[in-house]
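Number of protein chains: 2
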Amino acid sequence: MDKILRIDMGAEGGPSLTVFPVGEFAGLGGRALTSAIVSKEVAPLCHALGAENKLVIAPGLLSGSVAANSGRLSIGCKSPLTGGIKESNAGGMASQTLAKLGYAAIVIEGKPKDGATYKIVINKDGATVKADNSLKMLGNYATVEKLAKEYGDKPCFITIGPAGEMKLSAASIACTDMEGRPTRHAGRGGVGAVMGSKGVKAIVLDDTGASMRAPKDPEKFKEANKMWVAGLKKHPVTGEGLAAYGTNVLTNVLNEAGGYPTNNFSIGRFEGHTKISGETQAALETERGGLATHGCHKGCIIRCSGVYHDKNGQYLTKQPEYETVWAHGGNCGIDDLDAIAMLDRLDDDYGLDTIEMGATIGVAMEAGLAKFGDAEAAINLVKQVGQGTDLGRILGSGAAVTGKVFGVERVPVVKGQALPAYDPRAVQGIGVTYATSTMGADHTAGYAVGSNILGIGGKVDALSPDGQVDLSRNLQIATAAVDSTGMCLFIAFAVLDQPETFQALIDMINAFYGLNLTGDDVAALGMSVLRNERDFNTRAGFTSAHDRLPAFFTNEFLPPHNIKFKVTDTELDSVFNF
Amino acid sequence: MDKILRIDMGAEGGPSLTVFPVGEFAGLGGRALTSAIVSKEVAPLCHALGAENKLVIAPGLLSGSVAANSGRLSIGCKSPLTGGIKESNAGGMASQTLAKLGYAAIVIEGKPKDGATYKIVINKDGATVKADNSLKMLGNYATVEKLAKEYGDKPCFITIGPAGEMKLSAASIACTDMEGRPTRHAGRGGVGAVMGSKGVKAIVLDDTGASMRAPKDPEKFKEANKMWVAGLKKHPVTGEGLAAYGTNVLTNVLNEAGGYPTNNFSIGRFEGHTKISGETQAALETERGGLATHGCHKGCIIRCSGVYHDKNGQYLTKQPEYETVWAHGGNCGIDDLDAIAMLDRLDDDYGLDTIEMGATIGVAMEAGLAKFGDAEAAINLVKQVGQGTDLGRILGSGAAVTGKVFGVERVPVVKGQALPAYDPRAVQGIGVTYATSTMGADHTAGYAVGSNILGIGGKVDALSPDGQVDLSRNLQIATAAVDSTGMCLFIAFAVLDQPETFQALIDMINAFYGLNLTGDDVAALGMSVLRNERDFNTRAGFTSAHDRLPAFFTNEFLPPHNIKFKVTDTELDSVFNF
Numbered sequence: 173m174d175k176i177l178r179i180d181m182g183a184e185g186g187p188s189l190t191v192f193p194v195g196e197f198a199g200l201g202g203r204a205l206t207s208a209i210v211s212k213e214v215a216p217l218c219h220a221l222g223a224e225n226k227l228v229i230a231p232g233l234l235s236g237s238v239a240a241n242s243g244r245l246s247i248g249c250k251s252p253l254t255g256g257i258k259e260s261n262a263g264g265m266a267s268q269t270l271a272k273l274g275y276a277a278i279v280i281e282g283k284p285k286d287g288a289t290y291k292i293v294i295n296k297d298g299a300t301v302k303a304d305n306s307l308k309m310l311g312n313y314a315t316v317e318k319l320a321k322e323y324g325d326k327p328c329f330i331t332i333g334p335a336g337e338m339k340l341s342a343a344s345i346a347c348t349d350m351e352g353r354p355t356r357h358a359g360r361g362g363v364g365a366v367m368g369s370k371g372v373k374a375i376v377l378d379d380t381g382a383s384m385r386a387p388k389d390p391e392k393f394k395e396a397n398k399m400w401v402a403g404l405k406k407h408p409v410t411g412e413g414l415a416a417y418g419t420n421v422l423t424n425v426l427n428e429a430g431g432y433p434t435n436n437f438s439i440g441r442f443e444g445h446t447k448i449s450g451e452t453q454a455a456l457e458t459e460r461g462g463l464a465t466h467g468c469h470k471g472c473i474i475r476c477s478g479v480y481h482d483k484n485g486q487y488l489t490k491q492p493e494y495e496t497v498w499a500h501g502g503n504c505g506i507d508d509l510d511a512i513a514m515l516d517r518l519d520d521d522y523g524l525d526t527i528e529m530g531a532t533i534g535v536a537m538e539a540g541l542a543k544f545g546d547a548e549a550a551i552n553l554v555k556q557v558g559q560g561t562d563l564g565r566i567l568g569s570g571a572a573v574t575g576k577v578f579g580v581e582r583v584p585v586v587k588g589q590a591l592p593a594y595d596p597r598a599v600q601g602i603g604v605t606y607a608t609s610t611m612g613a614d615h616t617a618g619y620a621v622g623s624n625i626l627g628i629g630g631k632v633d634a635l636s637p638d639g640q641v642d643l644s645r646n647l648q649i650a651t652a653a654v655d656s657t658g659m660c661l662f663i664a665f666a667v668l669d670q671p672e673t674f675q676a677l678i679d680m681i682n683a684f685y686g687l688n689l690t691g692d693d694v695a696a697l698g699m700s701v702l703r704n705e706r707d708f709n710t711r712a713g714f715t716s717a718h719d720r721l722p723a724f725f726t727n728e729f730l731p732p733h734n735i736k737f738k739v740t741d742t743e744l745d746s747v748f749n750f
Numbered sequence: 173m174d175k176i177l178r179i180d181m182g183a184e185g186g187p188s189l190t191v192f193p194v195g196e197f198a199g200l201g202g203r204a205l206t207s208a209i210v211s212k213e214v215a216p217l218c219h220a221l222g223a224e225n226k227l228v229i230a231p232g233l234l235s236g237s238v239a240a241n242s243g244r245l246s247i248g249c250k251s252p253l254t255g256g257i258k259e260s261n262a263g264g265m266a267s268q269t270l271a272k273l274g275y276a277a278i279v280i281e282g283k284p285k286d287g288a289t290y291k292i293v294i295n296k297d298g299a300t301v302k303a304d305n306s307l308k309m310l311g312n313y314a315t316v317e318k319l320a321k322e323y324g325d326k327p328c329f330i331t332i333g334p335a336g337e338m339k340l341s342a343a344s345i346a347c348t349d350m351e352g353r354p355t356r357h358a359g360r361g362g363v364g365a366v367m368g369s370k371g372v373k374a375i376v377l378d379d380t381g382a383s384m385r386a387p388k389d390p391e392k393f394k395e396a397n398k399m400w401v402a403g404l405k406k407h408p409v410t411g412e413g414l415a416a417y418g419t420n421v422l423t424n425v426l427n428e429a430g431g432y433p434t435n436n437f438s439i440g441r442f443e444g445h446t447k448i449s450g451e452t453q454a455a456l457e458t459e460r461g462g463l464a465t466h467g468c469h470k471g472c473i474i475r476c477s478g479v480y481h482d483k484n485g486q487y488l489t490k491q492p493e494y495e496t497v498w499a500h501g502g503n504c505g506i507d508d509l510d511a512i513a514m515l516d517r518l519d520d521d522y523g524l525d526t527i528e529m530g531a532t533i534g535v536a537m538e539a540g541l542a543k544f545g546d547a548e549a550a551i552n553l554v555k556q557v558g559q560g561t562d563l564g565r566i567l568g569s570g571a572a573v574t575g576k577v578f579g580v581e582r583v584p585v586v587k588g589q590a591l592p593a594y595d596p597r598a599v600q601g602i603g604v605t606y607a608t609s610t611m612g613a614d615h616t617a618g619y620a621v622g623s624n625i626l627g628i629g630g631k632v633d634a635l636s637p638d639g640q641v642d643l644s645r646n647l648q649i650a651t652a653a654v655d656s657t658g659m660c661l662f663i664a665f666a667v668l669d670q671p672e673t674f675q676a677l678i679d680m681i682n683a684f685y686g687l688n689l690t691g692d693d694v695a696a697l698g699m700s701v702l703r704n705e706r707d708f709n710t711r712a713g714f715t716s717a718h719d720r721l722p723a724f725f726t727n728e729f730l731p732p733h734n735i736k737f738k739v740t741d742t743e744l745d746s747v748f749n750f
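From first to last, the protein sequence lines stand for chains A and B.
Each number in the working numbering comes from the position in the first sequence (counting from 1) with 172 added on.
Each number in the working numbering comes from the position in the second sequence (counting from 1) with 172 added on.
Bear in mind the hints are in silico, worked out from the structure with no lab data behind them.
Please note that the accuracy of each hint is not assured.
16 Å max Cα-Cα, derived EDC-like pairs, lysine to aspartate or glutamate [stated by the list, open to error]:
{"hint": "1", "chain 1": "A", "residue 1": "K285", "chain 2": "B", "residue 2": "E351"}
{"hint": "2", "chain 1": "A", "residue 1": "K212", "chain 2": "A", "residue 2": "E581"}
{"hint": "3", "chain 1": "B", "residue 1": "K318", "chain 2": "B", "residue 2": "E351"}
{"hint": "4", "chain 1": "B", "residue 1": "K321", "chain 2": "B", "residue 2": "E351"}
{"hint": "5", "chain 1": "B", "residue 1": "K283", "chain 2": "A", "residue 2": "E581"}
{"hint": "6", "chain 1": "A", "residue 1": "K283", "chain 2": "B", "residue 2": "E351"}
{"hint": "7", "chain 1": "B", "residue 1": "K285", "chain 2": "A", "residue 2": "E581"}
{"hint": "8", "chain 1": "B", "residue 1": "K631", "chain 2": "B", "residue 2": "D693"}
Next up, chain A with everything else stripped away, as it sits in the complex:
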């Protein structure tokens, strides 16, 4: 990981590829690297779909090593959805593969003039870019199937679906999982539209002949990784809970807490929650011959993913995540798991962020385009996106645009990005993260739900504004650091509760790179990432006025707690006081 591949898609005479030493960006990985490059090299006021924007794809610091759960891939750019900086990360096989091939990052720049559809092929011999119009407007599933026919099933693929090609702001980038399916998405912020604007449909990554990355101190690294694995296995969430029911274990928990946003954030509890809970889902998956537990990438020991079969026992989609089940489920009043799984499949195939799409359908339902609870109507709405109809283009542009086009007032977005599956009135800490994150509303940017609801990393009362700013600040800093390691964010459950597991992570990094980092250094890294991102956003025109929830969260009471969001503007403005 000592080189950066830069591809200028707009070069005269066709795309040009150049490999640079990592240089000034040495020592950075994942989000730290994507945000550093975007912040330094992208003009904050450029058009997100223009030649000036850059798509930066970076494995984490420990990706490509044998460190458990180190397979997250960061993808950064100026976001067409928020207008600010974006880092969206995904599991799947791409991060490990890219890291093993030695790339700290791929930077895709410029914009082709010919309107052709391109694929990038990277293997141990180097990289090439070729036009391949036969891939144009294929779904992600058909795309990877076609690529697998050409390149075999050994490589992994990074692809976009029709949504990305249409440059829609809710478009995701898919990474194939261990079975070669395009199920792991860098979903948020429209990164797929930026890839589409560069004319790039697919990246083929083949690590045949490449070795695992070797640590500087193999013995120490092995020892630290052992501690690391033990720590993850010991913690009840990473060791058992997530494996048993997947992330969707949260449906019943959040519903019980009254923080499960139902019918476009109108109520905090959903009557049909047991029908779509993780427990129900896992039982159904097992019964139909799918998988209730499964790892999304090699080296995962948490195994929170799964495989969802349809009524006939045929593969339909990967196990829908909690956020997806909520977005397409309770948020739209839908209590039918098969319908939700179908929506997940459609989103994955078209290349769409499931959170943004679920929130968007909720807004469309509020506008009267369909009734809350009408699963068939919801499926038809998402199909519009795949078909590229006018309505589909509206919906595929996300909740903010859909609200604007249909004159809806209750639109749950911050900085243009839809809120995930926790109502900020009943989980006030996550409200602070939604409001202030550099990413727009993003639960992964500082998962205060842990302390607010699950009692992980200490307990902060979910219904009180007290302590939420400190909580969110610390989590945002820690998360920015974790997102730079390539580690799956779920490791945070164990790291926050078990000091020795946190130390094992630091020991792994130190052993791998021959460093002597302390916990303070990790925090400093997180802060520097956030500073880079805030700086970009400030230059893009963001102010404290953008660090706010939509007015209805402070104006409307949320049942059953009948509570409003109570963290003050002054408190919100202190989140980045560090």
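Based on these hints, arrange chain B on the given structure of chain A.
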């Protein structure tokens, strides 16, 4: 004009009306008053379509008097198009009528819960609000026809069309002209959507029994008005040019200057310009029995408006203004005056801003929805808005949303509002106004075209960045003051060139109100208006990053001068140094 009528559309038990003394807002009129109320009373982060926004309708300081050309009505709110403060003004009969009835302003607040369509009736006996669902979704023409049947043709009407009822961001508010036609629009910034969000379809203003407003010093006032009229008649633009050919006299002028934005701001000259010029238009109007000169309100002596008949000699629409002819004409490559007039008629009937719609169709053409030059396709696109189709809702949401939904990079907007009919690369002064105006791109906010192209108020080289910031600053200050008087902005041509005409205007205000204002006081008023507006926008989240033209104006050369926008960011940031 010593009272303010406040209507709370969201009051329990139905709309409530209260008349207040003008109080702290005494001495303010037009834009100064709307911006003062909006800035003080509207939460900058509220949803523009929510109960918290307020629609403020205010005649100018001299409206309702015999002062020539004092009939502009200001309408203010938080804009659903820009997210910032908005003042949009219109001619027609409403301003004079409202002023004669004694109202400094009508403030429409709240939001009805019943979804009914309301009309407000104001006469010398007071004001009432009534539900009238028979008006729902009628075009502006059918609306005023129906109202005239009920209230006679003596009153004037302020109405919205279906676009406003659909709460689309390009929706205008129509004021009837001297013939009772809904042709004079407060077009910009989506004020019609705000009226629609309040459930108000129409305001009936009947000044039967009300007298003209009387000056404090009738003799001095009469004398000043005489000088005023003489000054307007003496100046070649206000005395002759505008009367002969209307505002569309500018087509040939701007085309010759190479600053006529053609095919979505790709070129500065349009091959078909002579076919749609003011000269051609006036001849056609006369030939068909329309009118090439006409006043849009009582007391107008400039008479730049007109009446456009179709091929059969039947009334089709008012004489399309220069901006409209450009927006639907050259900007879309269309050289057919009848098609442009039809587009103007449709916009007026649906209640849409012609500038925003023309720019939007240009963006749609760039997206490939129609070919540049295809008039029939353009008409069909605008008809979609009236029909409320999905595509119509996209287009009716303006150029920025349309660009986002269709993934277009070249979208000519500032702060979300479309650029008018002067390319900022060939008319660099107006580029400064577009970039920095509190209103979003707005030629009327500081009409540097006068000095850049027409040699009015001094000459500043249109192609050079030198002197443009000072020019725009002074014009923006002067305009904010003029917009507060009720005076039509075209008086500025005479006021800028003839010191004695400027003095006559000040003398009229002094004689009317018993004041001793100087030219400095007028400038101070303009500055205070801009400060109020900037303050609101800052609190709404605007920064210097929003005071910029879209990147393509600084990246792409404009033929025939092959020039880019050259005013630097630092210079732009000095516009409000006062």
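Now for the hints, and whether the structure bears them out:
no., hint, verdict
1, A/K285 with B/E351, "violated (53 Å)"
2, A/K212 with A/E581, "violated (36 Å)"
3, B/K318 with B/E351, "holds (15 Å)"
4, B/K321 with B/E351, "holds (14 Å)"
5, B/K283 with A/E581, "holds (11 Å)"
6, A/K283 with B/E351, "violated (54 Å)"
7, B/K285 with A/E581, "holds (13 Å)"
8, B/K631 with B/D693, "violated (25 Å)"
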